[in-house]
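As a plain string of letters, each chain reads:
Number of protein chains: 2
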Amino acid sequence: MGKVKERVKSSESYCAQFQCAVELIGRRWTGAIVRGLLGGVYRFSDLKNAIPDLSEKMLSERLKELETMGLVKREVFPETPVRIEYILTPSGQALGNVMDVIGEWAHEWLENGKVK
Amino acid sequence: MGKVKERVKSSESYCAQFQCAVELIGRRWTGAIVRGLLGGVYRFSDLKNAIPDLSEKMLSERLKELETMGLVKREVFPETPVRIEYILTPSGQALGNVMDVIGEWAHEWLENGKVK
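First to last, the sequence lines map onto chains A and B. If you're matching positions, the first sequence starts at 131 in the numbering used here and goes up one per residue. If you're matching positions, the second sequence starts at 131 in the numbering used here and goes up one per residue.
Hint data in this document are derived by calculation from the structure and do not stem from the laboratory. Quick reminder that beta carbons are idealized off the backbone N, C-alpha and C, glycines included. You may find that some hints are simply not true.
Among the chain A residues that face chain B by a calculated CB cut under 10 Å, a handful are [said to hold, decoys possible]:
| id | residue |
| --- | --- |
| 1 | Phe-148 |
| 2 | Gln-149 |
| 3 | Leu-154 |
| 4 | Ile-155 |
| 5 | Thr-160 |
| 6 | Arg-165 |
| 7 | Leu-168 |
| 8 | Gly-170 |
| 9 | Phe-174 |
| 10 | Leu-201 |
| 11 | Leu-225 |
| 12 | Met-229 |
| 13 | Ile-232 |
| 14 | Asn-242 |
Derived pair list, reagent style DSS-like, types lysine-lysine, alpha-carbon separation capped at 27 Å [claimed, not checked]:
| id | chain 1 | residue 1 | chain 2 | residue 2 |
| --- | --- | --- | --- | --- |
| 15 | B | Lys-187 | A | Lys-244 |
| 16 | B | Lys-244 | A | Lys-246 |
| 17 | A | Lys-244 | B | Lys-203 |
| 18 | A | Lys-203 | A | Lys-178 |
| 19 | B | Lys-203 | A | Lys-187 |
| 20 | B | Lys-244 | A | Lys-203 |
| 21 | B | Lys-178 | B | Lys-194 |
| 22 | A | Lys-244 | B | Lys-194 |
| 23 | B | Lys-244 | B | Lys-203 |
With beta-carbon atoms standing in for the labels, derived distance ranges [what the hints assert, rightly or not]:
| id | chain 1 | residue 1 | chain 2 | residue 2 | range |
| --- | --- | --- | --- | --- | --- |
| 24 | A | Arg-157 | B | Glu-209 | 38 to 44 Å |
| 25 | B | Pro-211 | A | Lys-194 | 48 to 54 Å |
| 26 | A | Thr-219 | B | Asp-230 | 20 to 26 Å |
The following block holds chain A by itself, in its conformation from the complex (with noise of 0.2 Å):
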């Protein structure tokens, strides 16, 4: 009997970990934010102009977010002027592995945004 309580208690808390990392992943610009400072852009501005229709709101919202999480650190250079960067942490660094597996979905099975 607690054998199987624990195996339920076990596939409990690894869904809701799923559930935690999908919805952490998917959450609007994060994936291309992550995708950007895994591919070396690590400046606010670069970041920016690297993804289309994203706001300086939303990027800084989402770097604050990333960083609360762990998964961003923010460096900041005492250089004149102060030169500020975002490197992902080894947490982060791991992401790049699902980015990869998600954008080759993508890239096999969309088209124009819709499921070929």
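Based on the hints, put chain B in the right spot on chain A.
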């Protein structure tokens, strides 16, 4: 000049495609429902029971969405009582890989809904 334009256009369309895929997958409950279907849960009531906190209304809405998108097919078996099953199409099946990779990331990096 033509080539540069083309490259920009194709990178934009790739980006839009990726964005579309990531939002589709990230929609609340969609991931869990696709995972259920991948795991051999094909009937409405079984899906409802397999996913904690998912209401009938929401499940019905999401299944209709997935059907409209062409990721799921609703099959009616003319038995008594009538049997209705939801089956993933090839594009829906192909999401299995995406779901696995997200699950792996979640398993490795999340704990109680937070990044480790």
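Comparing the hints with the structure gives:
1. Among the interface hints, the one on A/Phe-148 holds; its C-beta lies about 5 Å from the nearest C-beta in chain B, closer than the 10 Å criterion.
2. A cut of 10 Å between beta carbons decides the hint on A/Gln-149: the least distance to chain B is about 6 Å, and the hint holds.
3. At about 8 Å, the closest approach between the beta carbon of A/Leu-154 and any beta carbon in chain B falls short of 10 Å, and the interface hint on this residue holds.
4. A least Cβ separation of about 6 Å between A/Ile-155 and chain B falls short of the 10 Å threshold, and the interface hint therefore holds.
5. Residue-level restraint check for A/Thr-160 holds (minimum Cβ-Cβ distance to chain B is 8 Å; threshold 10 Å).
6. Satisfaction of the interface hint for A/Arg-165 is found here, the shortest Cβ-Cβ separation to chain B being roughly 7 Å, below the 10 Å cut-off.
7. Because the closest C-beta pair between A/Leu-168 and chain B is about 12 Å apart, greater than 10 Å, the hint is violated.
8. With its C-beta approaching chain B no nearer than about 15 Å, A/Gly-170 sits outside the 10 Å limit, and its interface hint is violated.
9. A cut of 10 Å between beta carbons decides the hint on A/Phe-174: the least distance to chain B is about 18 Å, and the hint is violated.
10. For A/Leu-201, the interface hint holds, the least distance from its beta-carbon to any beta-carbon of chain B being 6 Å, beneath 10 Å.
11. Interface hint status for A/Leu-225: upheld, as the beta-carbon distance to the closest one in chain B is roughly 6 Å, under 10 Å.
12. A hinted interface residue such as A/Met-229 counts as satisfied when its beta carbon comes closer than 10 Å to some beta carbon of chain B; here the least separation is about 8 Å, so the hint holds.
13. The beta carbon of A/Ile-232 comes within 5 Å of a beta carbon in chain B, closer than 10 Å, and the hint placing it at the interface holds.
14. With its C-beta approaching chain B no nearer than about 8 Å, A/Asn-242 sits inside the 10 Å limit, and its interface hint holds.
15. About 24 Å separates the Cα atoms of B/Lys-187 and A/Lys-244, which keeps this hinted pair within 27 Å; it holds.
16. Distance check on the hinted pair: B/Lys-244 and A/Lys-246 sit about 36 Å apart at the alpha-carbon level, beyond 27 Å; violated.
17. For the hint linking A/Lys-244 to B/Lys-203, the alpha-carbon distance of about 16 Å falls within 27 Å, and the restraint holds.
18. Straight-line distance between C-alpha atoms of A/Lys-203 and A/Lys-178 comes to about 17 Å, which keeps the hinted pair within the 27 Å bound.
19. A distance of roughly 40 Å separates the Cα atoms of B/Lys-203 and A/Lys-187; the hinted pair therefore is violated under the 27 Å criterion.
20. Taking the CA atoms of B/Lys-244 and A/Lys-203, the gap is near 16 Å; set against the 27 Å cutoff, the hint holds.
21. Between the alpha carbons of B/Lys-178 and B/Lys-194 the distance comes to roughly 14 Å, so the proposed pair stays at or under 27 Å and holds.
22. At roughly 15 Å between alpha-carbon atoms, A/Lys-244 and B/Lys-194 fall within 27 Å of each other, so this suggested pair holds.
23. Of the pairs offered as hints, the one joining B/Lys-244 and B/Lys-203 is violated, with about 35 Å between alpha carbons and a cut-off of 27 Å exceeded.
24. For the pair A/Arg-157 and B/Glu-209, the supplied restraint of 38 to 44 Å holds, since their beta-carbon distance comes to about 42 Å.
25. Separation of B/Pro-211 from A/Lys-194 is about 53 Å and conforms to the stated range, judged on CB atoms against 48 to 54 Å.
26. The beta-carbon spacing between A/Thr-219 and B/Asp-230, approximately 23 Å, falls within the hinted interval of 20 to 26 Å.
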